[in-house]
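Chemist: Sequence:
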Amino acid sequence: MRAAIVGIAGPMLSAAEASLFSATPPAGVILFSRNIENPSQLASLVASLRAVLPPDAVLMVDQEGGRVARLRPPGWQRHPPAALLGRLYDADRAAGLRAAWLTGALIGLEARAVGMDVVSAPVLDLGLPGTSAAIGDRAFHANPRIVARLGRAFAKGLLAAGIQPVMKHIPGHGRALVDSHLALPTVEATALASDLLPFAANAALPWAMTVHIRYTRWDAEHPATVSEIIIRSIVRGRLRFAGVLVSDDLAMQALDGTPAARATATLGAGVDLALFCSGDRQANEEVLAAVPGISPGSRARLAHARAMAAASLTPLEPDRLGAERDRLLPA
Numbered sequence: 127m128r129a130a131i132v133g134i135a136g137p138m139l140s141a142a143e144a145s146l147f148s149a150t151p152p153a154g155v156i157l158f159s160r161n162i163e164n165p166s167q168l169a170s171l172v173a174s175l176r177a178v179l180p181p182d183a184v185l186m187v188d189q190e191g192g193r194v195a196r197l198r199p200p201g202w203q204r205h206p207p208a209a210l211l212g213r214l215y216d217a218d219r220a221a222g223l224r225a226a227w228l229t230g231a232l233i234g235l236e237a238r239a240v241g242m243d244v245v246s247a248p249v250l251d252l253g254l255p256g257t258s259a260a261i262g263d264r265a266f267h268a269n270p271r272i273v274a275r276l277g278r279a280f281a282k283g284l285l286a287a288g289i290q291p292v293m294k295h296i297p298g299h300g301r302a303l304v305d306s307h308l309a310l311p312t313v314e315a316t317a318l319a320s321d322l323l324p325f326a327a328n329a330a331l332p333w334a335m336t337v338h339i340r341y342t343r344w345d346a347e348h349p350a351t352v353s354e355i356i357i358r359s360i361v362r363g364r365l366r367f368a369g370v371l372v373s374d375d376l377a378m379q380a381l382d383g384t385p386a387a388r389a390t391a392t393l394g395a396g397v398d399l400a401l402f403c404s405g406d407r408q409a410n411e412e413v414l415a416a417v418p419g420i421s422p423g424s425r426a427r428l429a430h431a432r433a434m435a436a437a438s439l440t441p442l443e444p445d446r447l448g449a450e451r452d453r454l455l456p457a
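All letters in the sequence shown, in the order written, are residues 127 to 457 by my numbering.
Hints in this document: simulated from the structure, not taken from any laboratory.
Any given hint could be a false lead.
Said to hold, decoys possible - Label pairs and their computed distance ranges (CB to CB):
no.: 1; residue 1: D216; residue 2: E347; range: 37 to 45 Å
no.: 2; residue 1: H430; residue 2: P199; range: 31 to 39 Å
no.: 3; residue 1: R219; residue 2: A141; range: 47 to 55 Å
Bear in mind the structure is a predicted one, so any value in this text is a computation, not a measurement.
For glycine and all other residues, C-beta sits at the position ideal for the given N, C-alpha and C.
Work out the full structure: start from the sequences and follow the hints.
Modeler: Structure representation (structure tokens):
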């Protein structure tokens, strides 16, 4: 398998995509709204992907709740945004933590039922005043300790459903004033311990996603995703994160260069997997041709993540969990 996760173009796997994945298999595929129409269509797509991908390739989906949700009604439940869980925590700490766990578990159950392995959540960025709308209500709270607690509860819910969670966006998007989908944010603050705290507190989680932000305090030249200084000294060093590290979407406008150059730069910085989400077949071909096979270290981290989810899997009753969450959330 190549050290990349890629998107696909539409609701069906094309013959060209199937041929590409057979010839140069990616480490996984990430699905978006463009790929998901209804449960029966998604079941067919997942079967097509599993038929051409290696057995240990992952299927990933962004499913945070709120506005970042690829599995949507009427086929699937609507889930609350992280900020609503943060407000509930302010009113009743125990209720907030329980609702966060329940939301993770309910999202995880739906994701696992449709054949997903990995859910790109929870968001551990701080919800600071003036932060980019790209984060907004995706953040649990402004207080880093509360973010850490709610994020951990949400992630444990996902794990209980047998899903591997991805904490993001390490080492923190909360101070960015522009949307990294559109341009490269620069953070010049020097006091960043609070931004790091939620990630440090959750360093035992199996996956983390990098952020396309330049932090001048650590590396004045490179954004975190392609910064060896930040990946090795901060993420792997100071935060002691030892799990699977995946880039944020390399198709975002915060980065320069060709798809292949972006992918090789992020792997060169020490990231395990390059993520390229556009679904453009030509770009996927370029990325998969450019990146190497998964390294032994990355393969071991992926195996540990799978084992962690398998060991955490718990029998759960979705109807009961949903009813309990309904009672906890404000009307």
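Chemist: Next step is simple, just say for each hint if it's right about the structure.
Modeler: These are the hints, each one checked on the structure:
1. D216 - E347: 37 to 45 Å: holds, 40 Å
2. H430 - P199: 31 to 39 Å: Holds - the Cβ-Cβ distance for H430 and P199, about 35 Å, lies within 31 to 39 Å.
3. R219 - A141: 47 to 55 Å: Given about 53 Å between the Cβ atoms, the range holds.
No hint from the list above goes unmet by this structure.
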